[in-house]
Amino acid sequence: MNGLLADASTRLEKALKYTSISEDASERLKHPKSSLSVSIPVRMDDGSLRIFQGYRVRYDDTRGPGKGGVRYHPNVSMDEVQSLAFWMTFKCALLNLPFGGAKGGITLNPKELSKQELERLSRGYIEAIADFIGPDIDILAPDVYTNQMIMGWMMDQYSIIQRKISPGVVTGKPLTMGGSQGRDTATGTGAYYVIQTILPKFELIPEKTTVAVQGFGKAGSVVAELLAKSGYKVVAVSDSKGGIYTENGLDILSIRNYKKEHRGITAIYCEDTVCDIGEHENITNEQLLELDVDVLIPAALENQITAENSNNIKAKFIFEVANGPITSAADSILDKKGIYVFPDILINAGGVTVSYFEWVQNRSGLYWTRTEVNERMKDKMMTEAEQVWAIAQKDGVSMRTAAYIHALNRLGDALDAKGTRDYYVNGSPH
1 MNGLLADAST RLEKALKYTS ISEDASERLK HPKSSLSVSI PVRMDDGSLR IFQGYRVRYD
61 DTRGPGKGGV RYHPNVSMDE VQSLAFWMTF KCALLNLPFG GAKGGITLNP KELSKQELER
121 LSRGYIEAIA DFIGPDIDIL APDVYTNQMI MGWMMDQYSI IQRKISPGVV TGKPLTMGGS
181 QGRDTATGTG AYYVIQTILP KFELIPEKTT VAVQGFGKAG SVVAELLAKS GYKVVAVSDS
241 KGGIYTENGL DILSIRNYKK EHRGITAIYC EDTVCDIGEH ENITNEQLLE LDVDVLIPAA
301 LENQITAENS NNIKAKFIFE VANGPITSAA DSILDKKGIY VFPDILINAG GVTVSYFEWV
361 QNRSGLYWTR TEVNERMKDK MMTEAEQVWA IAQKDGVSMR TAAYIHALNR LGDALDAKGT
421 RDYYVNGSPH
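Quick note: the sequence shown uses the numbering used here, first residue 1, plus one each step.
Just so you know, these hints were derived from the structure itself, not from any lab. Please read these numbers as outputs of a predicted model, since none were measured by experiment. Check before you lean on any hint, since a few could be wrong.
Keeping only pairs whose Cα atoms sit at most 20 Å apart, straight-line, the calculated SDA-like set for lysine to any residue is [what the hints assert, rightly or not]:
id : residue 1 : residue 2
1  : Lys201    : Gly217
2  : Lys33     : Gly134
3  : Lys164    : Asp131
4  : Lys14     : Glu27
5  : Lys115    : Ser166
6  : Lys164    : Gln196
7  : Lys316    : Lys418
8  : Lys316    : Leu291
9  : Lys241    : Asn75
10 : Lys33     : Glu23
11 : Lys337    : Glu308
12 : Lys14     : Arg410
13 : Lys337    : Asp292
14 : Lys33     : Lys17
15 : Lys115    : Lys164
16 : Lys115    : Asp131
17 : Lys33     : Arg43
18 : Lys33     : Gly3
19 : Lys111    : Thr19
20 : Lys164    : Gln181
21 : Lys418    : Lys164
22 : Lys337    : Asp379
23 : Lys201    : Gln387
24 : Lys164    : Ser364
25 : Lys201    : Asn303
26 : Lys33     : Ala414
27 : Lys201    : Asp379
28 : Lys33     : Ser77
29 : Lys14     : Ser364
30 : Lys17     : Ala6
31 : Lys260    : Pro174
32 : Lys233    : Gly152
33 : Lys30     : Glu13
34 : Lys17     : Gly396
35 : Lys14     : Glu375
36 : Lys14     : Gly3
37 : Lys30     : Ser77
38 : Lys233    : Asn285
39 : Lys336    : Gln393
40 : Lys30     : Val42
Taking the hints into account, I'd like the entire structure generated from these sequences.
Given below as structure tokens:
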């Protein structure tokens, strides 16, 4: 094991010291259950044929069917997808959801494709992995550069293959196709609920608390707006093209509206950048991470804070809205600096929680209002945040290690309850 998954697994090793799960269970959790790599041929608009590389990994399904998003990004690789599936395994256990962890992705820059090409690609991906997924096997969801429209195409293609309507195979769908109210904002809203649970323990006054958000996408923009509405001073935000900073605080609602209004009529992805908005100082994503603020929210991609830049981090509290934005080496440095890090498997779990609600609604045929969805999510997120906080205080460990301890206890119980599944010993059934 090497690369991103190896780095992610170091968090597991730390937490194992504080649990009593069996060696068999811990050994199984160190390896993905199944990994699939597929080639996806797509006829481009100019008549040429391109082959795209796709992946789907089911890391563990002891507690239920695999659950995890699909991302479209140039950096997608098997190592990345396995790591994301690893995190999803612990995230689902942490929130006590009846799911295992899975993830998928396609290696490409989706902004270079037309809408029609993206649809062909998305349907081709489902054609390639159809036997690997299903409402009771592995359920897809949106992730980086995938959205409701793409999820709708995927659900429709799977239904065509199965010759029956199968809304439960995909979450994050359009409402008209069985999607859930609140799913579009769930990751950011869930993060906000956890932040509102944790920060009052440190007696911070919102109006005197500065916040910087790296990544002004589906999750980062939502949590930034909710914090601003609650009185926090959001002084910096960024997207893939750069960031903006103003000492007096940004008008987050105006920035969100600007990005919504200035996307192309037929564009699937926002084509504008936060750098075009209002009076501000332009900064890079790297500079945003090193701002002297109270709260830093990495909400972009993994490996943003590393051993190389962690000594320059000045924020007192870091809430990981992105998956894996801090490396294990950086964790140690930040801990020595007295910086509180609140882990991704807790902070960004609102998305998978509402995906679970969507799956339940699809299966029951009974649909909830946005208020009902948010209240159910709020209860889950705040309850688990309090339990993780209690474990951290009791065992004297970081919030990250506490979150893994909490998830490991649930995973260990499930794995041990199922037994070792040793059907053959020395070639003989027993």
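Outcome of the hint check:
1. Lys201 <-> Gly217: Between lysine 201 and glycine 217 the Cα gap is close to 28 Å, so the pair fails against 20 Å, i.e. violated.
2. Lys33 <-> Gly134: Given that 20 Å is the threshold and the Cα spacing comes to 16 Å, the pair holds.
3. Lys164 <-> Asp131: holds, 15 Å
4. Lys14 <-> Glu27: holds, 14 Å
5. Lys115 <-> Ser166: violated, 24 Å
6. Lys164 <-> Gln196: Measuring from Cα to Cα gives roughly 43 Å; hence the hint is violated.
7. Lys316 <-> Lys418: Given that 20 Å is the threshold and the Cα spacing comes to 43 Å, the pair is violated.
8. Lys316 <-> Leu291: With a Cα-Cα distance of about 11 Å, the restraint between lysine 316 and leucine 291 holds, given a limit of 20 Å.
9. Lys241 <-> Asn75: holds, 17 Å
10. Lys33 <-> Glu23: Satisfied, since the Cα-Cα distance of roughly 17 Å is no more than 20 Å.
11. Lys337 <-> Glu308: Given pair lysine 337, glutamate 308 holds - Cα atoms ~15 Å apart, limit 20 Å.
12. Lys14 <-> Arg410: holds, 16 Å
13. Lys337 <-> Asp292: holds, 14 Å
14. Lys33 <-> Lys17: violated, 23 Å
15. Lys115 <-> Lys164: violated, 26 Å
16. Lys115 <-> Asp131: violated, 26 Å
17. Lys33 <-> Arg43: The given pair, whose Cα atoms are some 33 Å apart, is violated under the 20 Å limit.
18. Lys33 <-> Gly3: Holds - the C-alpha atoms of glycine 3 and lysine 33 are around 18 Å apart, at most 20 Å.
19. Lys111 <-> Thr19: violated, 45 Å
20. Lys164 <-> Gln181: Violated - the C-alpha atoms of glutamine 181 and lysine 164 are around 24 Å apart, more than 20 Å.
21. Lys418 <-> Lys164: violated, 32 Å
22. Lys337 <-> Asp379: violated, 32 Å
23. Lys201 <-> Gln387: Given pair lysine 201, glutamine 387 holds - Cα atoms ~14 Å apart, limit 20 Å.
24. Lys164 <-> Ser364: Distance of about 17 Å is within 20 Å: holds.
25. Lys201 <-> Asn303: With Cα atoms ~28 Å apart, lysine 201 and asparagine 303 exceed 20 Å; violated.
26. Lys33 <-> Ala414: Between lysine 33 and alanine 414 the Cα gap is close to 15 Å, so the pair holds against 20 Å.
27. Lys201 <-> Asp379: holds, 18 Å
28. Lys33 <-> Ser77: The hint holds at about 17 Å.
29. Lys14 <-> Ser364: Judged against 20 Å, a Cα distance of about 40 Å means the pair is violated.
30. Lys17 <-> Ala6: holds, 18 Å
31. Lys260 <-> Pro174: holds, 18 Å
32. Lys233 <-> Gly152: violated, 37 Å
33. Lys30 <-> Glu13: holds, 9 Å
34. Lys17 <-> Gly396: holds, 13 Å
35. Lys14 <-> Glu375: It is violated: about 33 Å lies between the C-alpha atoms, which goes past 20 Å.
36. Lys14 <-> Gly3: Since the Cα atoms of lysine 14 and glycine 3 sit roughly 18 Å apart, the hinted pair holds (cutoff 20 Å).
37. Lys30 <-> Ser77: holds, 19 Å
38. Lys233 <-> Asn285: Roughly 19 Å between the alpha carbons, so the hint for lysine 233 and asparagine 285 holds.
39. Lys336 <-> Gln393: holds, 17 Å
40. Lys30 <-> Val42: With Cα atoms ~35 Å apart, lysine 30 and valine 42 exceed 20 Å; violated.
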